[in-house]
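Chemist: Produce the entire structure from the sequences given, and follow the hints as far as they go.
When you number the sequence shown by the working numbering, it's gap-free, plus one each residue, and the end is 190.
Think of the hints as simulated: they come from the structure by calculation, not from any bench.
Some hints here could point you the wrong way.
Okay, derived cross-link-like pairs now, DMTMM-like style, lysine to aspartate or glutamate, Cα gap no bigger than 20 Å in a straight line [claimed, not checked]:
hint, residue 1, residue 2
1, K52, E39
2, K52, E76
3, K52, E36
4, K52, E91
5, K52, D38
6, K52, E27
7, K52, D78
8, K52, E16
9, K52, D64
10, K52, E81
11, K52, D98
12, K52, D65
13, K52, D41
Quick list of simulated restraints, FRET-style, between CB atoms [unchecked claim]:
hint, residue 1, residue 2, range
14, P95, V25, 43 to 51 Å
15, L31, L120, 17 to 25 Å
16, G143, V25, 43 to 51 Å
17, P100, E27, 16 to 24 Å
18, T50, G24, 17 to 25 Å
19, Q159, A75, 33 to 41 Å
20, T144, E36, 30 to 38 Å
In this text, a Cβ means the ideal position worked out from N, Cα and C, and glycines have one as well.
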Amino acid sequence: MPTPSPEQLTGQLHGVLEPIVLAAGFELDELDVRAAGRRHTVKVVVDSDNGVGLDDIARLSRSASAELDQHEHLIAGSYTLEVTSPGVDRPLTGPRHWRRARLRLVEVRLLDGQTIIGRVGDAGEDAVQVLVDGTLRELRYTDIARAGVQVEFRPPPESEIALLGGRSGQDQGVAGTEDEK
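Modeler: This is the structure in structure tokens:
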């Protein structure tokens with residue numbers, strides 16, 4: 010029987026691992042399988058609106074490993090399992106990502122080529138509010154080519170947080186909180 014390609018294996022493992030991830034209270038953000046000879050690396054990226062802690066990663070890693078052991082016939086040879094959460098450099102591609110980035114500074118490239126830098130406000134299913142130079146703008150997700158969080162080394166200005174209806178240092182996602190692990 011021929012060995013499945015990494016793409017085929019990713020599809021098969023998605024069906025095996027997604028229920029484990031969902032049962033743990035997370036969403037399967039990405040599943041990537043790479044092959045190097047007979048050795049595979051299975052990378053499982055999980056996320057949730059409440060964040061993902063190191064203890065969560067450890068528990069999920071044990072559960073995923075046990076489940077993969079039950080399906081060892083899918084992966085021929087040895088493999089390395091990596092369970093992680095998305096990094097700060099992950100592109101903001103869906104409403105959930107934008108909700109997690111609330112009050113964070115972002116750089117957004119629109120489809121028309123314009124680039125804006127602003128602070129994220131409320132995120133709905135179709136659009137997000139972004140504070141740009143003191144003015145709230147609604148950006149429709151369909152108008153965004155690429156967006157990502159910018160790393161800040163100082164707390165955000167109180168005036169911006171107030172305009173967005175947040176509480177500085179207390180809202181999820183503000184630099185310096187436990188959300189950044």
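Chemist: Decide, hint by hint, whether the structure agrees.
Modeler: Status of the hints after comparison with the structure:
1. K52 with E39: Holds. K52 to E39 sits at ~8 Å (cutoff 20 Å).
2. K52 with E76: 14 Å, holds
3. K52 with E36: Judged against 20 Å, a Cα distance of about 14 Å means the pair holds.
4. K52 with E91: Satisfied, since the Cα-Cα distance of roughly 5 Å is no more than 20 Å.
5. K52 with D38: Satisfied, since the Cα-Cα distance of roughly 11 Å is no more than 20 Å.
6. K52 with E27: Distance ~13 Å between K52 and E27 Cα, so the pair holds.
7. K52 with D78: Distance of about 16 Å is within 20 Å: holds.
8. K52 with E16: It holds: about 13 Å lies between the C-alpha atoms, which stays within 20 Å.
9. K52 with D64: At roughly 18 Å apart (the allowed maximum being 20 Å), D64 and K52 satisfy the hint.
10. K52 with E81: 16 Å, holds
11. K52 with D98: Roughly 17 Å between the alpha carbons, so the hint for K52 and D98 holds.
12. K52 with D65: 16 Å, holds
13. K52 with D41: 5 Å, holds
14. P95 with V25: 43 to 51 Å: 21 Å, violated
15. L31 with L120: 17 to 25 Å: 33 Å, violated
16. G143 with V25: 43 to 51 Å: 49 Å, holds
17. P100 with E27: 16 to 24 Å: At roughly 21 Å between Cβ atoms, E27 and P100 fall inside 16 to 24 Å, so the hint holds.
18. T50 with G24: 17 to 25 Å: 19 Å, holds
19. Q159 with A75: 33 to 41 Å: 39 Å, holds
20. T144 with E36: 30 to 38 Å: Because 33 Å falls inside the window, the suggested range holds.
In summary, the numbered hints that this structure violates are 14 and 15.
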